[in-house]
Amino acid sequence: MTQNSATTPKGLEFVEIATADPATLEQLLQQLNFRMVGVHRSKSVKLYRQGTLNVIVNAEADCKLFLKNQVSGSQIKALAVRVDNAKLAYEELLHKGAWGCSSSPGAMELNIPGIEITGGAVLYLINNYNERFSIYDIDFTPVTPQDQPSPVFNKIESLSLSIAPQHYKQWQDLFTQLLHFSVQNEKLISPDKSFSLILKSIEDNNITDEGISAIRLSTQKDQLDTLEPFLPDYTDNKTGFRTLKNLPEGIDFSIEVEV
Amino acid sequence: MAEDRIILNVGVLPYRLEKKLALAEQLGFGVIEIGNTDLTTPDQNLQTNASILQNSALKVAAFHELKDFLGHPSHLMDYKMNLAKSNLRLMENVGADLLIVSPATENYSKPDLQRMVEELRALAMLGTVRGVRIGFKPLPWSESINNYQDAITLITQANNANLCLVIDNIALRHCSDEGLATLIRAIPMEMVGLVQLSAIHNQDSVQHTTIPTRMLPTKADHEPVIPELIRLMEQQGYQGRYSLYAQSIPYRGCSEEIVSAEISNSLAYVKALLTPNV
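Respectively, the protein sequence lines represent chains V and G. Under my numbering, the first residue of the first sequence is numbered 3, with each subsequent residue one higher. Under my numbering, the first residue of the second sequence is numbered 10, with each subsequent residue one higher.
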């Protein structure tokens with residue numbers, strides 16, 4: 003399968019978190035040194051940023067339907083990848099058996115094509131624009147943060163997908179055959195090697211628990227002080243990363259930190 | 010346990026859906042196979058029937074059948090894929106595991122194997138997102154994939170974990186020129202998603218395998234290939250399910266007692282064939 007097709011991802015553009023409790027989620031993001039840099043022109047959606055990392059906070063009513071906890075939960079709902087031609091990529095993916103998803107744009111808003119992945123989450127396709135144009139310019143009113151602390155995180159290393167054990171190989175085939183990910187040490191590596199997806203088996207085999215369950219971010223040793231309230235005492239020797247503790251109730255995903 | 014591995018195609022029961030499900034349960038089945046005609050009935054709409062099925066204690070192992078798939082011109086394939094999506098949504102709602110798919114019986118141009126591989130893989134992808142496996146079943150009268158060797162080639166080349174093979178004892182017997190043993194040994198058992206068992210009266214006619222003269226396999230309606238097929242499958246390590254696959258027409262007009270007795274006889278017959286492996 004060609005590595006240069008329209009469907010080849012070329013980097014992670016943003017992660018979207020659906021939330022029924024935006025205040026709690028946004029407070030957490032602030033504590034992790036993300037800052038709000040944009041407010042959607044017509045929806046309950048905000049753009050948070052840290053360095054080159056973009057996180058969309060989506061508190062729209064229809065987005066809450068995605069949540070297991072529709073009262074106070076927050077879950078990772080989508081990731082967006084850059085491709086050379088989003089329209090062509092979308093058409094090709096549909097032809098190859100992907101389920102299309104709409105970003106439900108309003109009039110004059112950006113229509114971002116996406117495909118359904120694990121647990122109803124979405125993988126959006128973003129045109130790989132040059133630096134002079136940002137996809138956020140159309141839908142978001144820019145906001146200047148009151149402060150701009152140094153980034154704690156360098157990049158999104160990976161996202162974990164929780165999968166029922168009997169579906170493991172099927173999802174592996176979907177990502178490798180549709181999106182040209184490669185399998186390496188039980189990780190699915192993006193074609194440009196900029197991020198990976200980790201498939202984790204759900205212990206209780208409950209299909210309704212399938213979905214994006216964790217995000218792994220890399221940081222530097224000298225930034226660990228900022229994360230101190232959330233850092234556990236130990237590093238998992240096997241995996242080399244730490245899973246943040248003391249997250250507020252309702253945050254239904256894990257945040258893992260890799261130094 | 011043998012009981013878990015033997016499922017009933019409820020299409021054999023000539024009743025309304027609620028009664029089919031109740032009777033299947035009464036007869037000791039926990040798992041069933043169901044078809045389009047079981048859910049699209051003249052007496053109530055699809056949504057109502059789907060709700061009845063969702064609320065039933067029975068597990069739906071297989072759904073038959075997405076017919077006439079593969080081997081068509083591309084504009085027809087777009088229609089077929091949309092049909093597949095509808096089927097898969099329905100199956101997801103009722104918790105069904107396996108969608109059975111069969112090839113086109115008439116082709117308007119020479120079937121292109123590579124294109125069929127891509128189409129089958131695309132269907133497998135659709136199934137993955139909905140949590141439904143795709144079981145491909147060759148048909149002896151298809152102009153494209155009409156034997157198990159070609160079906161295995163197709164599935165192997167599609168190379169997708171969401172694909173499997175469905176074996177039908179009637180189609181198997183009429184498809185192959187080789188001995189049954191040679192054929193079964195050529196099939197990787199992990200590739201087999203379901204084995205459908207039937208007995209028919211007119212065994213000389215290949216075409217008659219789709220006409221509703223499929224009856225429940227029992228010792229009385231002996232289909233000679235079944236004991237040997239099960240023996241070979243079990244010997245090769247098959248751990249999947251066997252479906253008592255018959256149509257309702259032979260049983261219409263029979264009393265419920267007779268129909269129930271036939272099903273019980275069939276279950277006992279197949280269970281006995283599986284017993285050494287329980």
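Derived by calculation from the structure, the hints in this document are not laboratory data. A portion of the hints provided could be inaccurate.
Below, simulated DSS-like cross-link-like pairs (lysine-lysine); rule was C-alpha separation at most 27 Å, straight line [stated by the list, open to error]:
id	chain 1	residue 1	chain 2	residue 2
1	V	171	G	28
2	V	66	G	94
3	V	66	V	247
4	V	70	G	76
5	G	94	V	98
6	V	195	V	89
7	V	89	G	68
8	V	157	V	247
Chain G stretches covered by chain V per the calculated footprint, using a threshold of three residues with CB under 8 Å from any CB of chain V [unchecked claim]:
id	segment
9	129-135
10	236-249
For each residue, glycine too, the CB sits at the ideal point set by N, CA and C.
Verification of the supplied hints:
no.: 1; hint: V:171 to G:28; verdict: 38 Å, violated
no.: 2; hint: V:66 to G:94; verdict: 25 Å, holds
no.: 3; hint: V:66 to V:247; verdict: 24 Å, holds
no.: 4; hint: V:70 to G:76; verdict: 36 Å, violated
no.: 5; hint: G:94 to V:98; verdict: 13 Å, holds
no.: 6; hint: V:195 to V:89; verdict: 23 Å, holds
no.: 7; hint: V:89 to G:68; verdict: 40 Å, violated
no.: 8; hint: V:157 to V:247; verdict: 20 Å, holds
no.: 9; hint: 129-135; verdict: holds (count 6)
no.: 10; hint: 236-249; verdict: violated (count 0)
The structure fails hints 1, 4, 7, 10 (numbered hints given earlier, in ascending order).
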